[in-house]
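In order, the protein sequences belong to chains A and B.
According to my numbering, numbering within the first sequence proceeds without interruption in unit steps and concludes at 287.
According to my numbering, numbering within the second sequence proceeds without interruption in unit steps and concludes at 578.
Derived by calculation from the structure, the hints in this document are not laboratory data.
Virtual Cβ for every residue (Gly too), placed ideally from N, Cα, C.
Some hints could be false.
[Stated by the list, open to error] The following label-pair restraints were derived from C-beta to C-beta distances:
1. A/ARG153 <-> B/GLN247: 33 to 41 Å
2. A/ASP145 <-> B/ASP577: 39 to 47 Å
3. A/PRO188 <-> B/ALA467: 30 to 38 Å
4. B/ASP46 <-> A/GLY236: 32 to 40 Å
5. A/ARG153 <-> B/LEU426: 26 to 34 Å
6. A/ASP145 <-> B/VAL243: 28 to 36 Å
7. A/ILE62 <-> B/ALA554: 46 to 54 Å
8. B/ALA396 <-> A/SER274: 43 to 51 Å
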Amino acid sequence: MSTTPSAAVLNLWYPISAGEDAKPGQRRSTVLLDQGLNYERGADGGLTVWRATDGATALPVIERYGFIWTSLGTPPAELFPIPEYAESDRFNICAGSIGVNVSAPRAIENFLDMGHFPYVHTGILGEEPHTEVKEYDVEISGERDEVLATRCRFFQPQAALSASEGIEVEYVYRVPHPYVAVLYKSCPAQPSRMDVIAIFCQPMGEEMVRAHLMLSMLDDVNTLTSMRRFQQTIFGQDRPILENQYPKKLPLDPRAETPIRADKSAIAYRRWLSQKGINYGVIPEAA
Amino acid sequence: MVAETAPRAGHNAAWYPIATSDDLPFRHVYHGQLLGQEMAVWRADDGHVNAWENRCLHRGVRLSIGINEGAELKCQYHGWRYANRTAGCTYIPAHPADAPARRISNRTYRVMEADGLVWSTLSPDTPFALPPVDGEKLALRPIPVNASPEMVLTALVHARRSGSDVEALPPLGAGLELADLPGHPARFFVQPVDAARAVIRGIVARPAGDPLPLLRQFDDVLEALREVIEADAARVELPEPIVPVYQPVSVELSSMPPITIGAQNTLRVVVRRKFPAGADIVGLELGALEGHLPTFQPGAHIDLHLPNGLVRQYSLTNGPGEQLSYVIGVKREPTPGSGSQAVHEVVREGDVVAISEPRNNFPLRRDARKTLFIAGGIGITPLLAMAKALEAQGLAYGFELFARSDAHIPFPDDVGRLGARVNRHLGLDPGATSAAIGRIVANPGFAEQIYVCGPGPFLELVREEAAAAGWPESAVHFEYFKNLKPRDSSKSFKVELARSALSLDVPAGKSILAVLRDNGVNGPASCEQGACGTCLTRVLDGEIDHQDVYLNEAEKREGKVMMTCVSRARSTRLVLDI
Numbered sequence: 001m002s003t004t005p006s007a008a009v010l011n012l013w014y015p016i017s018a019g020e021d022a023k024p025g026q027r028r029s030t031v032l033l034d035q036g037l038n039y040e041r042g043a044d045g046g047l048t049v050w051r052a053t054d055g056a057t058a059l060p061v062i063e064r065y066g067f068i069w070t071s072l073g074t075p076p077a078e079l080f081p082i083p084e085y086a087e088s089d090r091f092n093i094c095a096g097s098i099g100v101n102v103s104a105p106r107a108i109e110n111f112l113d114m115g116h117f118p119y120v121h122t123g124i125l126g127e128e129p130h131t132e133v134k135e136y137d138v139e140i141s142g143e144r145d146e147v148l149a150t151r152c153r154f155f156q157p158q159a160a161l162s163a164s165e166g167i168e169v170e171y172v173y174r175v176p177h178p179y180v181a182v183l184y185k186s187c188p189a190q191p192s193r194m195d196v197i198a199i200f201c202q203p204m205g206e207e208m209v210r211a212h213l214m215l216s217m218l219d220d221v222n223t224l225t226s227m228r229r230f231q232q233t234i235f236g237q238d239r240p241i242l243e244n245q246y247p248k249k250l251p252l253d254p255r256a257e258t259p260i261r262a263d264k265s266a267i268a269y270r271r272w273l274s275q276k277g278i279n280y281g282v283i284p285e286a287a
Numbered sequence: 001m002v003a004e005t006a007p008r009a010g011h012n013a014a015w016y017p018i019a020t021s022d023d024l025p026f027r028h029v030y031h032g033q034l035l036g037q038e039m040a041v042w043r044a045d046d047g048h049v050n051a052w053e054n055r056c057l058h059r060g061v062r063l064s065i066g067i068n069e070g071a072e073l074k075c076q077y078h079g080w081r082y083a084n085r086t087a088g089c090t091y092i093p094a095h096p097a098d099a100p101a102r103r104i105s106n107r108t109y110r111v112m113e114a115d116g117l118v119w120s121t122l123s124p125d126t127p128f129a130l131p132p133v134d135g136e137k138l139a140l141r142p143i144p145v146n147a148s149p150e151m152v153l154t155a156l157v158h159a160r161r162s163g164s165d166v167e168a169l170p171p172l173g174a175g176l177e178l179a180d181l182p183g184h185p186a187r188f189f190v191q192p193v194d195a196a197r198a199v200i201r202g203i204v205a206r207p208a209g210d211p212l213p214l215l216r217q218f219d220d221v222l223e224a225l226r227e228v229i230e231a232d233a234a235r236v237e238l239p240e241p242i243v244p245v246y247q248p249v250s251v252e253l254s255s256m257p258p259i260t261i262g263a264q265n266t267l268r269v270v271v272r273r274k275f276p277a278g279a280d281i282v283g284l285e286l287g288a289l290e291g292h293l294p295t296f297q298p299g300a301h302i303d304l305h306l307p308n309g310l311v312r313q314y315s316l317t318n319g320p321g322e323q324l325s326y327v328i329g330v331k332r333e334p335t336p337g338s339g340s341q342a343v344h345e346v347v348r349e350g351d352v353v354a355i356s357e358p359r360n361n362f363p364l365r366r367d368a369r370k371t372l373f374i375a376g377g378i379g380i381t382p383l384l385a386m387a388k389a390l391e392a393q394g395l396a397y398g399f400e401l402f403a404r405s406d407a408h409i410p411f412p413d414d415v416g417r418l419g420a421r422v423n424r425h426l427g428l429d430p431g432a433t434s435a436a437i438g439r440i441v442a443n444p445g446f447a448e449q450i451y452v453c454g455p456g457p458f459l460e461l462v463r464e465e466a467a468a469a470g471w472p473e474s475a476v477h478f479e480y481f482k483n484l485k486p487r488d489s490s491k492s493f494k495v496e497l498a499r500s501a502l503s504l505d506v507p508a509g510k511s512i513l514a515v516l517r518d519n520g521v522n523g524p525a526s527c528e529q530g531a532c533g534t535c536l537t538r539v540l541d542g543e544i545d546h547q548d549v550y551l552n553e554a555e556k557r558e559g560k561v562m563m564t565c566v567s568r569a570r571s572t573r574l575v576l577d578i
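All chains should be modelled from the sequences, with the hints used to inform the complete structure.
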């Protein structure tokens, strides 16, 4: 019953593992777009990825942002940019890879959504009665071919360990790849710069995803463990909601669900997926 | 071999049990399924059982993981609230200042409760007809079976006492006596959960004394039968699951921003009760002729069409989820021939009157740390509905009530139920009223909101005192029933009537409505001051100069409709859909 991925899907780069999890000489396997894959890091540090059914052909591979990326088609020469990752004073962390029984686009849409903070991340990212999603701007950037949401603001009960009162936090969201979202969040310690949190989705099947989380933080107060634990708590709260979404695939027909103004970014995302010819993990609009 | 598969034609139209009454304890939401369609089944505090399509219309999250708040079901994902009975959305927390389009409504299924079982159907109109049997009934523990519903029914019939009769209870039921439980005739109903999943449900006569031993006997026998059926089912190819059908949302809700004003639909209601509700005030309970009334939100009002031809607006006082009737309050005004005189003197219990669907120009934000209600006399009505909503949600509020005397307190029973939260200010002269309001609004706080309703001067007083105390204008909410804003009719322009192919000049000093009348185009109108919404007209082209107090800001910005009684054109011409 599974969809044959379109060229637009096959030609993308996909994350399959944190780079640090692939130790030299250790063969590992995973699943991508319903296909079994094996991968191994050689003694020289170089990576090889191949289909479980075809040991003779090496698949494309690159290592970026702490993760190993491969493709089942002909991928672009380079992955989307996250320039902040290269800044020397940041802490770049692979914060975990979590399996969720939902389509990758549903997981991305949830990552873009602020309205659920008071209900799903109560007391952490939001808190009743502060439920308003204020007007924000969304554009599909033609130059970079990505969805960009700016001027997003939301009341957060405890934005940082140093903050005792709730404050309004500012966010910028980018969707530079159909199954990737990058969040920029104002950092109380350095008002002119932003923390970066990215979700890299590995669609194992149409309704099963492994979400890889990457942090690029300015904060040097928290330990690695506490930052990982924080992100995993947040994702653990989202998971039961995501797994109870029906249908699990993201419907691209505008009449499937009821958008409100707060969903501007999701509407732009759905439209962008349609335009790009993404057919995997979605229910395409009827012709 | 392929088993007899998908339910035959006609099955979709039938009633089936989907739960036992015991599955719906206080404030629980039960996950049901019928013919592949998932249902969220919940009992409201008023006893009504709701069976809804199991997804929030917003993002498809199952409502069976939602929260039953007694009169409303709240979605876990974004806190959208849906009303008991209508399944209409009453609140969207992401946009606390907006009233949700009242047409955001979940698909509902019909429900009956009989003999300890909860029944539903995918059909919109098949009547419920369970042949009645005498005596008190006991619902058996449900037995889920992984097999096609038809296989399960066939197995049940085979398991009857040899040579005994079968009472056919179509489409998937049978009254019979099991061979292994002689002397206990039962009615079995197979719930077709999906093409290859079923639940055996049954009803027996309640035995004298403790029913548990009998229930255990049935459990044992039916469990054994289940094993036999599932062993048989394992040897055949089972049908594919039924693909559930989800209705698309309406076009108007699928686009953004979804601000739409429908036609001014009127509906007929019956005056169930006319009762004194304080000195010079009558309460009217307006009930649905059948079923329930459209979803309303706290702050909403209806237009009431009176026997003397007048149309007047009255706020609903109902609490959340009270969808069987609307309760309004009408104060007697001294003017002869007024709307209130007609209500007091002419309208009687049992009369059928016309009302509009509820409309909300006074939406209640629920994102305040504290909400302060300030009511002057009969102005209490919308604030009562708001306070009841916050009370049900456990949100903080204060209630300041001004009235001439204790006897003049409107809806004293409702006010009494709000308890010590209500501060009564009785018989104050204007100076004392002003001082009291000054004290009430003295300390504006972060994320606090004021809602005020009362006579014009009272409203102005609260607004002035609040402004003087430093409240931001956006935190002080009120509603106009009269258009007190200065109006400007100095500009002349042209109107084109698209459907009538007429082009008319509107001179300075004359309304569009008057010009239309002069030319024989008679549409509905009522207050003629831009407050009631009766003359709402769709605009196809041109820029509108809105001068009414009926449309909200978003509707005015959208510029698709106007009030022809007061609003005019900014452009040199307007094209109306008349």
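Here is what the structure says about each hint:
Against the hinted window of 33 to 41 Å, the Cβ-Cβ separation of A/ARG153 and B/GLN247 comes to about 35 Å, which satisfies the hint. In this structure the supplied range 39 to 47 Å holds for A/ASP145 paired with B/ASP577, their Cβ-Cβ distance being about 41 Å. The hint said 30 to 38 Å for the Cβ distance between A/PRO188 and B/ALA467, and at roughly 34 Å that hint holds. Checked against the given bound of 32 to 40 Å, the beta carbons of B/ASP46 and A/GLY236, roughly 37 Å apart, stay inside it.
In this structure the supplied range 26 to 34 Å is violated for A/ARG153 paired with B/LEU426, their Cβ-Cβ distance being about 44 Å. In this structure the hint that A/ASP145 and B/VAL243 lie 28 to 36 Å apart at CB holds, the actual value being about 35 Å. For the hinted restraint 46 to 54 Å between A/ILE62 and B/ALA554, the CB-CB distance of approximately 48 Å keeps it satisfied. The given range of 43 to 51 Å is respected by B/ALA396 and A/SER274, whose C-beta atoms sit roughly 45 Å from each other.
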